[in-house]
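Asks: Sequence:
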Amino acid sequence: MESVQAIKQRFGIIGNTLALNRAIEKAIRVAPTDISVLVTGESGVGKESIPKIIHQLSHRKHNKYIAVNCGAIPEGTIDSELFGHEKGAFTGATATRSGYFEVADGGTIFLDEVGELPLTTQVRLLRILENGEFLKVGSSKVQKTDVRIVAATNANMFEAIEKEKFREDLYYRLSTVDIHLPPLRERQEDIHLLFRKFASDFALKYKMPTVKLTDDAIQLLVKHRWSGNIRQLRNIAEQISVLEQNRTISAEALKSYLPSSASTNLPAVIKTSKSESDFSSEREILYKVLFDMKSDLNDLKKLTMELMKNGNTKDVEKDNEHLIQKIYGDDSEDKDDIAFEEDVEDSPEYLSIPEHVNEPSTVDKYHFAEEIEEEETLSLHDKELELIKKSLERHHGKRKLAAAELGISERTLYRKIKQYDL
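Residue numbering for the sequence shown follows the working numbering, beginning at 29 and increasing consecutively.
Calculated directly from the structure, the hints in this document are not laboratory data.
Treat the hints with care, as some may be off.
[As the list claims (entries may be wrong)] Distance condition first, Cα-Cα at most 25 Å in a straight line; then the derived SDA-like pairs of lysine to any residue:
id: 1; residue 1: Lys-80; residue 2: Lys-115
id: 2; residue 1: Lys-89; residue 2: Ser-228
id: 3; residue 1: Lys-92; residue 2: Glu-53
id: 4; residue 1: Lys-322; residue 2: Lys-446
id: 5; residue 1: Lys-36; residue 2: Lys-322
id: 6; residue 1: Lys-54; residue 2: Gln-37
id: 7; residue 1: Lys-444; residue 2: Leu-335
id: 8; residue 1: Lys-193; residue 2: Thr-68
id: 9; residue 1: Lys-225; residue 2: Gln-33
id: 10; residue 1: Lys-418; residue 2: Tyr-442
id: 11; residue 1: Lys-337; residue 2: Leu-318
id: 12; residue 1: Lys-172; residue 2: Ile-101
id: 13; residue 1: Lys-169; residue 2: Gln-150
id: 14; residue 1: Lys-115; residue 2: Val-131
id: 15; residue 1: Lys-251; residue 2: Lys-233
id: 16; residue 1: Lys-36; residue 2: Asp-140
id: 17; residue 1: Lys-54; residue 2: Ser-31
id: 18; residue 1: Lys-233; residue 2: Lys-169
id: 19; residue 1: Lys-36; residue 2: Leu-46
[To be verified] Computed Cβ-Cβ distance ranges for the label pairs, DEER-style:
id: 20; residue 1: Lys-225; residue 2: Ser-167; range: 44 to 54 Å
id: 21; residue 1: Gly-120; residue 2: Val-170; range: 19 to 29 Å
id: 22; residue 1: Val-270; residue 2: Gln-216; range: 17 to 27 Å
id: 23; residue 1: Glu-214; residue 2: Gly-166; range: 20 to 30 Å
id: 24; residue 1: Ser-126; residue 2: Glu-196; range: 25 to 35 Å
Note that the Cβ used here is the ideal one computed from N, Cα and C, for glycine as well.
Make a model of the complete structure from these sequences and hints.
Replies: Rendered as structure tokens:
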């Protein structure tokens with residue numbers, strides 16, 4: 029069995045982090061078997077290296093090794109790509125085609141981004157893992173294959189299972205052995221080593237001197253969060269190698285290549301809980317509105333029952349003050365409205381009649397009456413609203429005088445004002 033250090037040199041893996049060494053060691057130990065392996069880790073950490081190690085150290089190394097990016101194949105054709113199809117199985121199937129599982133018989137298939145597989149394809153994949161059987165698209169003949177499956181994903185599989193986007197039984201068949209690759213921010217001692225390797229490679233590729241970092245630039249490089257992991261570090265090393273004339277890179281020069289956000293690897297508080305107003309769908313919003321309406325309706329039923337039993341509005345209002353505040357609110361405007369209603373209850377309803385004054389004959393004695401022009405386009409609702417507005421404007425907002433002019437009680441006018449939001 030080859031050592032971890034020998035495997036690193038053979039496959040060009042750089043780093044001495046304990047978590048990285050542990051992942052390589054697990055790959056070495058599982059390679060001679062036919063156990064299914066699931067490689068997990070963030071995008072850009074180098075997950076594609078693990079299946080290559082497993083294949084080269086297994087008894088299948090002389091057979092086919094096929095890497096498939098499941099996220100890059102359209103959902104409508106992925107079954108045909110993986111399992112093949114018969115002639116005439118669908119529009120455009122002019123000939124019988126062998127799929128990856130048939131071609132790689134006796135070898136290894138690496139399913140990258142396996143979490144992107146459609147549920148129907150997951151069922152077919154589960155059958156291969158269980159007994160090695162599969163059906164071509166458009167065929168009824170069962171075929172057998174002997175394939176070692178190594179899968180990889182950067183998604184949270186337990187979250188995908190909860191959302192019913194990934195089958196739980198398939199996950200446990202794939203993850204017989206789970207190999208996790210740490211993100212670059214957890215390998216701080218490896219960051220400068222990787223940068224030097226990339227800088228040396230690009231200097232050789234573009235035939236130019238190798239760039240070097242100053243001490244403060246190294247500190248900045250190590251503290252960066254590297255959300256894109258090794259892929260992001262490689263891209264920045266290539267940019268610096270090509271664009272910088274001065275081959276000694278200072279912290280200021282390096283900073284111009286790093287994203288301004290999340291530039292340091294410092295702890296940050298991340299809000300994980302959803303707020304009460306954070307709805308994931310319109311259905312939840314409708315449920316919330318309906319539940320609130322049901323609650324208000326039950327409160328109103330309770331108040332009505334109390335009034336029917338007691339008949340004393342004062343006692344009911346005192347005993348159910350919290351319900352009244354819950355239904356009608358307790359802001360200042362509502363309080364003023366409630367106070368106004370209490371004043372109306374205490375004061376008797378009466379019609380204010382203007383006093384008789386000797387006026388010249390030229391003055392219209394019925395100046396308070398309103399001339400109404402018949403308009404067929406207005407509805408009763410619009411007509412009533414117009415009358416109330418004009419009466420309030422004529423009496424400068426004095427509800428008592430406006431109610432007397434309209435021939436209604438002051439309480440009724442108040443209700444109308446609230447109804448039409450005047």
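Asks: Confirm or reject each hint.
Replies: Each hint, compared with the structure:
{"no.": "1", "hint": "Lys-80 with Lys-115", "in the structure": "34 Å, violated"}
{"no.": "2", "hint": "Lys-89 with Ser-228", "in the structure": "31 Å, violated"}
{"no.": "3", "hint": "Lys-92 with Glu-53", "in the structure": "24 Å, holds"}
{"no.": "4", "hint": "Lys-322 with Lys-446", "in the structure": "23 Å, holds"}
{"no.": "5", "hint": "Lys-36 with Lys-322", "in the structure": "65 Å, violated"}
{"no.": "6", "hint": "Lys-54 with Gln-37", "in the structure": "17 Å, holds"}
{"no.": "7", "hint": "Lys-444 with Leu-335", "in the structure": "23 Å, holds"}
{"no.": "8", "hint": "Lys-193 with Thr-68", "in the structure": "17 Å, holds"}
{"no.": "9", "hint": "Lys-225 with Gln-33", "in the structure": "17 Å, holds"}
{"no.": "10", "hint": "Lys-418 with Tyr-442", "in the structure": "15 Å, holds"}
{"no.": "11", "hint": "Lys-337 with Leu-318", "in the structure": "29 Å, violated"}
{"no.": "12", "hint": "Lys-172 with Ile-101", "in the structure": "24 Å, holds"}
{"no.": "13", "hint": "Lys-169 with Gln-150", "in the structure": "19 Å, holds"}
{"no.": "14", "hint": "Lys-115 with Val-131", "in the structure": "17 Å, holds"}
{"no.": "15", "hint": "Lys-251 with Lys-233", "in the structure": "28 Å, violated"}
{"no.": "16", "hint": "Lys-36 with Asp-140", "in the structure": "21 Å, holds"}
{"no.": "17", "hint": "Lys-54 with Ser-31", "in the structure": "12 Å, holds"}
{"no.": "18", "hint": "Lys-233 with Lys-169", "in the structure": "51 Å, violated"}
{"no.": "19", "hint": "Lys-36 with Leu-46", "in the structure": "13 Å, holds"}
{"no.": "20", "hint": "Lys-225 with Ser-167: 44 to 54 Å", "in the structure": "49 Å, holds"}
{"no.": "21", "hint": "Gly-120 with Val-170: 19 to 29 Å", "in the structure": "25 Å, holds"}
{"no.": "22", "hint": "Val-270 with Gln-216: 17 to 27 Å", "in the structure": "26 Å, holds"}
{"no.": "23", "hint": "Glu-214 with Gly-166: 20 to 30 Å", "in the structure": "48 Å, violated"}
{"no.": "24", "hint": "Ser-126 with Glu-196: 25 to 35 Å", "in the structure": "31 Å, holds"}
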